[in-house]
Amino acid sequence: MDVRTCLIVDDSRIIRKVARRIVEGLGFEVDEAADGAEALAYCASAMPEIVLLDWNMPVMDGLTFLRRLREQTGGDRPKVLFCTIETAPERIAEALAAGADEYVMKPFDGEILQSKFAEVGAV
Amino acid sequence: MTQDDFDRLQTLLASRAGFRLTRDRIHLAEHRLAPVARRESFDSVDAMLASLWAKPVASLGWAVIEAMLNAETWFRRDRAPFDTFARELLPAIGRVRPEGRVRVWSAGCSSGQEAYSLAIGALDAGANVEITATDLSQRAIDKARAGLFSGFEVQRGLPTPSLLRWFQPSEDQWAVRPELAAAVRFARANLLDEPAGDQKFDVIFCRHVLNDMDAARRGGVIESLERRLVDDGCLFLGPDERLDGDTVAFRPVTGRRGLFVKTPSALSRAA
Chain P
251 MDVRTCLIVD DSRIIRKVAR RIVEGLGFEV DEAADGAEAL AYCASAMPEI VLLDWNMPVM
311 DGLTFLRRLR EQTGGDRPKV LFCTIETAPE RIAEALAAGA DEYVMKPFDG EILQSKFAEV
371 GAV
Chain X
129 MTQDDFDRLQ TLLASRAGFR LTRDRIHLAE HRLAPVARRE SFDSVDAMLA SLWAKPVASL
189 GWAVIEAMLN AETWFRRDRA PFDTFARELL PAIGRVRPEG RVRVWSAGCS SGQEAYSLAI
249 GALDAGANVE ITATDLSQRA IDKARAGLFS GFEVQRGLPT PSLLRWFQPS EDQWAVRPEL
309 AAAVRFARAN LLDEPAGDQK FDVIFCRHVL NDMDAARRGG VIESLERRLV DDGCLFLGPD
369 ERLDGDTVAF RPVTGRRGLF VKTPSALSRA A
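From first to last, the protein sequence lines are chains P and X.
Following this note's numbering, the numbering of the first sequence begins with 251 at its first residue and continues without gaps.
Following this note's numbering, the numbering of the second sequence begins with 129 at its first residue and continues without gaps.
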């Protein structure tokens, strides 16, 4: 069976840990990155199937990462789910316009992540 | 709560709501009834129940019943039925109805997520629908009508583009936009009662309702759903809900889990 990978990008170790437990429960192998630059380097060597992406992070924010990812060869393949505390409709629309496949507002729980993974056809 | 209190509670739920309160729910009952007791100014759940048994006040009885019902619901719960509804049924039924008007009933709609999901599917498809949504619980109907949902609620089952299109932020919640609210008519109704009026529906969603019902009342409810459904109509139940042994009026549709249509023997008996 193919290994399905999800890259969790968030500068909070606690959020990464919480999200990892849920995403592993959905049958994914999980890797972590603490900012957009780290995530971009990861994707350059191996594209994950799913990226769970925070917005505000040091070094490189989520929106910049997403735009750069979509310019890379094969960078259109990963399903990208923004996962942030931003809840203003115009910010959500901005994320979708930049190429995000779905949008998760923090706080979230296992049911919400499962629902969003289903929305992008990942479960 | 004593065992006697719980037995009486079981009887109350079964007789008034047709709801099967299983024996393992005694702690859940304590937990759910505590806020009702506070709201109704009783010192404890025990005091509230003692008062209810001594002098059955309808409003208190219903407050107790409502607190015990299973209100769990999601937007587009189980997903597939909503796609079948919007992509297959609406165009097919709309073609053979005057002005393409399709009448839909969300029976046991709880706080309204199912009805709004049906309305979103129909409005996105440009279909002409009339959606009626009913629930036994007045509190659930009040919430449905208010159309205010938390961040948790809108994220269970609602795709983000639908959230942006059909909701707007309202303080720390999300409010249904007026165009969406206008597509659904909410009313309190008990599935055990004889329906008021003789309106029939093309599609009935009655999902995750029958499995919680008392065996003695299921048959009657299924029969009344059958009477309210047009001959070529469709009935949706939850994916794990079966009608085997309850009725010969419906048969499941192969490949569409939870979808039922009338059997030939049930057609136009009343005609």
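Please keep in mind that the hints were generated in silico from the structure rather than gathered at the bench.
Don't take each hint at face value.
As the list claims (entries may be wrong) - Short derived list, chain X residues pointing at chain P, Cβ under 8 Å: (1) R207; (2) A208; (3) Q283; (4) R284.
Cβ atoms here follow ideal geometry from the backbone N, Cα and C, with glycine treated the same way.
Taking the hints in turn, this is what the structure says about them:
Below 8 Å, beta-carbon pairs count as interface contacts, and R207 (chain X) has one with chain P at about 7 Å; its hint therefore holds. With 8 Å as the threshold, the beta carbon of A208 (chain X) stays out of range of chain P, its nearest partner Cβ sitting at about 11 Å, so the hint is violated. Annotation: Q283 (chain X) was flagged as interfacial toward chain P, and the flag holds, the nearest CB pair being 4 Å apart, inside 8 Å. Checking R284 (chain X) against chain P by beta carbon gives a least distance of about 5 Å; that is within 8 Å, so the hint holds.
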